[in-house]
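**Q** If you're matching them up, the sequences are chains L and R in order. Heads up: the first sequence at position 102 corresponds to 102 in the numbering used here, and the numbers run straight through without jumps. Heads up: the second sequence at position 38 corresponds to 38 in the numbering used here, and the numbers run straight through without jumps.
Hint data in this document are derived by calculation from the structure and do not stem from the laboratory. A quick note: this is a predicted structure, and the numbers were derived from the prediction, not measured. Among the hints, a few may not be true.
[As the list claims (entries may be wrong)] List of simulated lysine-lysine pairs, BS3-like, C-alpha gap at most 27 Å:
#: 1; chain 1: R; residue 1: Lys201; chain 2: L; residue 2: Lys251
#: 2; chain 1: R; residue 1: Lys201; chain 2: L; residue 2: Lys263
#: 3; chain 1: L; residue 1: Lys263; chain 2: R; residue 2: Lys255
#: 4; chain 1: R; residue 1: Lys177; chain 2: L; residue 2: Lys251
#: 5; chain 1: R; residue 1: Lys243; chain 2: L; residue 2: Lys251
#: 6; chain 1: L; residue 1: Lys294; chain 2: L; residue 2: Lys263
#: 7; chain 1: L; residue 1: Lys263; chain 2: R; residue 2: Lys114
#: 8; chain 1: R; residue 1: Lys316; chain 2: L; residue 2: Lys263
#: 9; chain 1: L; residue 1: Lys263; chain 2: R; residue 2: Lys21
#: 10; chain 1: L; residue 1: Lys242; chain 2: R; residue 2: Lys243
#: 11; chain 1: L; residue 1: Lys305; chain 2: L; residue 2: Lys31
#: 12; chain 1: L; residue 1: Lys31; chain 2: L; residue 2: Lys263
#: 13; chain 1: R; residue 1: Lys201; chain 2: R; residue 2: Lys177
#: 14; chain 1: R; residue 1: Lys21; chain 2: L; residue 2: Lys242
#: 15; chain 1: R; residue 1: Lys255; chain 2: R; residue 2: Lys243
#: 16; chain 1: R; residue 1: Lys202; chain 2: L; residue 2: Lys251
#: 17; chain 1: R; residue 1: Lys299; chain 2: L; residue 2: Lys263
#: 18; chain 1: R; residue 1: Lys21; chain 2: L; residue 2: Lys108
#: 19; chain 1: R; residue 1: Lys125; chain 2: R; residue 2: Lys114
#: 20; chain 1: L; residue 1: Lys305; chain 2: L; residue 2: Lys5
#: 21; chain 1: R; residue 1: Lys202; chain 2: L; residue 2: Lys196
#: 22; chain 1: R; residue 1: Lys247; chain 2: L; residue 2: Lys263
[To be verified] Simulated coverage check for chain L against chain R, where a stretch passes if three residues somewhere in it have a Cβ under 8 Å from a Cβ of chain R:
#: 23; region: 225-232
#: 24; region: 239-249
Cβ coordinates follow ideal geometry from the N, Cα and C atoms, glycine included.
What follows is the residue order along each chain.
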Amino acid sequence: MSFLKVEDLYLYYRTRMGTLQAVDGVSFSIKKAESLALIGESGCGKSSLAKCLMRLLPRNVELFKGHIYLDGSDLMELSDEEFRKTIRWQRISMVPQAALNSLNPVIKVGEQVAEPLLIHKSIDKKEALERVRELFSLVGIPQAFMDRYPFELSGGMRQRVIIAMALIMNPEIVILDEPTSALDVLIQASIMNMLKRIKRESNLTFILITHDVSISSELADKVAVMYGGQIVELNDAESFYKSPLHPYSQKLMASVPSLREDKQPEYIPGAPVSLINPPKGCRFADRCPFRTEKCSEEPPLVSLKDGNYVRCWLYAR
Amino acid sequence: MAEDRILLSLRDLKKWYSIRKGIFGKTVYVKALDGVSFDLRRGEAISLVGESGCGKTTLGRTILGLEEPTSGKIIFDGREIVNSDKKLMRWYRRQTGFVQQDPFGALPPFMTVKRILEEPMIINKVDKRERRERIYKALTEVRLTPVEDFLNKYPHMLSGGQQQRVVIARAMILNPKLIIADEPVSMLDASVRIEILTLLKKLQKLHDISIIYITHDLSTTRYFSEWIFVMYAGKIVEKAPVKELLKNPLHPYSKALLAAIPDPDARNRFIIRELPPGEPPSLIDPPKGCRFHPRCVHKIKGLCDEKEPPEIEYEKDHFVSCWLYVQER
Chain L
1 MSFLKVEDLY LYYRTRMGTL QAVDGVSFSI KKAESLALIG ESGCGKSSLA
51 KCLMRLLPRN VELFKGHIYL DGSDLMELSD EEFRKTIRWQ RISMVPQAAL
101 NSLNPVIKVG EQVAEPLLIH KSIDKKEALE RVRELFSLVG IPQAFMDRYP
151 FELSGGMRQR VIIAMALIMN PEIVILDEPT SALDVLIQAS IMNMLKRIKR
201 ESNLTFILIT HDVSISSELA DKVAVMYGGQ IVELNDAESF YKSPLHPYSQ
251 KLMASVPSLR EDKQPEYIPG APVSLINPPK GCRFADRCPF RTEKCSEEPP
301 LVSLKDGNYV RCWLYAR
Chain R
1 MAEDRILLSL RDLKKWYSIR KGIFGKTVYV KALDGVSFDL RRGEAISLVG
51 ESGCGKTTLG RTILGLEEPT SGKIIFDGRE IVNSDKKLMR WYRRQTGFVQ
101 QDPFGALPPF MTVKRILEEP MIINKVDKRE RRERIYKALT EVRLTPVEDF
151 LNKYPHMLSG GQQQRVVIAR AMILNPKLII ADEPVSMLDA SVRIEILTLL
201 KKLQKLHDIS IIYITHDLST TRYFSEWIFV MYAGKIVEKA PVKELLKNPL
251 HPYSKALLAA IPDPDARNRF IIRELPPGEP PSLIDPPKGC RFHPRCVHKI
301 KGLCDEKEPP EIEYEKDHFV SCWLYVQER
């Protein structure tokens, strides 16, 4: 039974250059407590997909349609007000990208994290701070930091505060948008350790957005590779990291410099496809080493097991 | 090491920044670089690896002459650079190129690519015809071709990868012998990263230049440099050939850095990595003895927290500053 099921989701933006197809017919589903990694290069639509799930849309939206089923009910049928009151931050929350400097500099971090509890749930301050204290120990922040201001914390600690903020309302799904990309490797690893522990000990469903294939493997049970606004491959972690199917996934994997093996990393020739008037057919065709004539037609979604798929003519029977 | 192959030597280089605590407080020092020595050979690349605040950027800037060292020596091509006269300094600046982290910030937004590349040559009085030739050559070498398509573009019209190529072309335009690349690819996508690093490597071989590649990302060092130097809290703690260091790291800090970086593998999600506790120390009042000792699992009481470890050559070309490897301590 899928817990989150996204079906034919579209998000187009109006720009001066034309319509930008940021999310173009995306479908996937994940089970409860399963983690999905969403990987791809900048501008492939990963963060836009997160915006759809949080319904945090900019003003220049031209098209926003499709279905987002959470536990069976379609979130797209909710009004903005209903979505705000019952879903956003309460059931689906997010650690936004580059949020390190977005904490309020004049409020103690403990109180900042407690704030939504005071506003949305009718509990007193003492109780709310107690809850924050528990949460801080979960995300690895020393108790003494409750009364500190953001500037007194290191980057790693601030990122933990922001993760605590995303967890405070007890959500079921947490979207992590590049949660470690601004951090040093040791801090990155300790934050990933913390997320793995939470994943192990709770029922949380994580959606990890990253351009770093190695980091994605730190959390992912399932991997979705995005290219040009579409998911080109949705696969289980076991199969994906061993043998990715879509030519783009393969190229992405080949570009990862390996620390331990003697394998020269390769880059993908050409530039990512434009999302304004993308070419007909397969969007990766121009950069694909396996291109055939067929690729100028829309590639089929070839089903794999467990609802996974690859969008490529190579696998069509 | 054959003396004539050495391009750059640093000897006990220090850079301390003075800050005052409180209005009438006493002056204290941030010891960003605290005694760095190494030799860099012609045509070779060093990866300088370490976390934010370890002093790697300060080291790059001090070598370039953008920061005045507090003490120590910089010897370039046999000449002493620190406190030298203006004429030598001007010569030295021509010998060095700088590739910054943020390409967009490094390029003046109101200049075309042509003008950006021309600027250093105008300052150094290269005549007009030669300027044109060199611009064509440089843009071809960084593969911004056809050249005509790029000459009149402004930085904002280029992608991040293309901007970084312009920065590289500018750094190369005076035919320097040394390039310092400070996190040149950390703002780029994975595939573009490899493309830019491959390009730098090619230019290094083609022109026999030396590169100091400053990065926090160990995983990109393997294919793009001959040496890795690991920095921690203002000091270099380990120096070794790339493959040797990646295979056989000696310093507990190098080991920790290496262990923290995953290779893509579905099993990673079940592994909790062992990491040193805490965070790098303040450079104002660094720990006594070995600076890593408060976080080190192998700490020897009464030694590591008292006396600074000497640098020893553990194996040929593999240097480490750690008491664990000192025979007579």
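**Q** Compare the structure with each hint and give your call.
**A** The hints, checked one at a time:
| no. | hint | result |
| --- | --- | --- |
| 1 | Lys201/R - Lys251/L | holds (21 Å) |
| 2 | Lys201/R - Lys263/L | holds (16 Å) |
| 3 | Lys263/L - Lys255/R | holds (21 Å) |
| 4 | Lys177/R - Lys251/L | violated (34 Å) |
| 5 | Lys243/R - Lys251/L | holds (25 Å) |
| 6 | Lys294/L - Lys263/L | violated (32 Å) |
| 7 | Lys263/L - Lys114/R | violated (37 Å) |
| 8 | Lys316/R - Lys263/L | holds (25 Å) |
| 9 | Lys263/L - Lys21/R | violated (51 Å) |
| 10 | Lys242/L - Lys243/R | holds (24 Å) |
| 11 | Lys305/L - Lys31/L | holds (14 Å) |
| 12 | Lys31/L - Lys263/L | violated (35 Å) |
| 13 | Lys201/R - Lys177/R | holds (14 Å) |
| 14 | Lys21/R - Lys242/L | violated (55 Å) |
| 15 | Lys255/R - Lys243/R | holds (14 Å) |
| 16 | Lys202/R - Lys251/L | holds (21 Å) |
| 17 | Lys299/R - Lys263/L | violated (35 Å) |
| 18 | Lys21/R - Lys108/L | holds (24 Å) |
| 19 | Lys125/R - Lys114/R | holds (16 Å) |
| 20 | Lys305/L - Lys5/L | holds (16 Å) |
| 21 | Lys202/R - Lys196/L | violated (40 Å) |
| 22 | Lys247/R - Lys263/L | holds (14 Å) |
| 23 | 225-232 | violated (count 0) |
| 24 | 239-249 | holds (count 3) |
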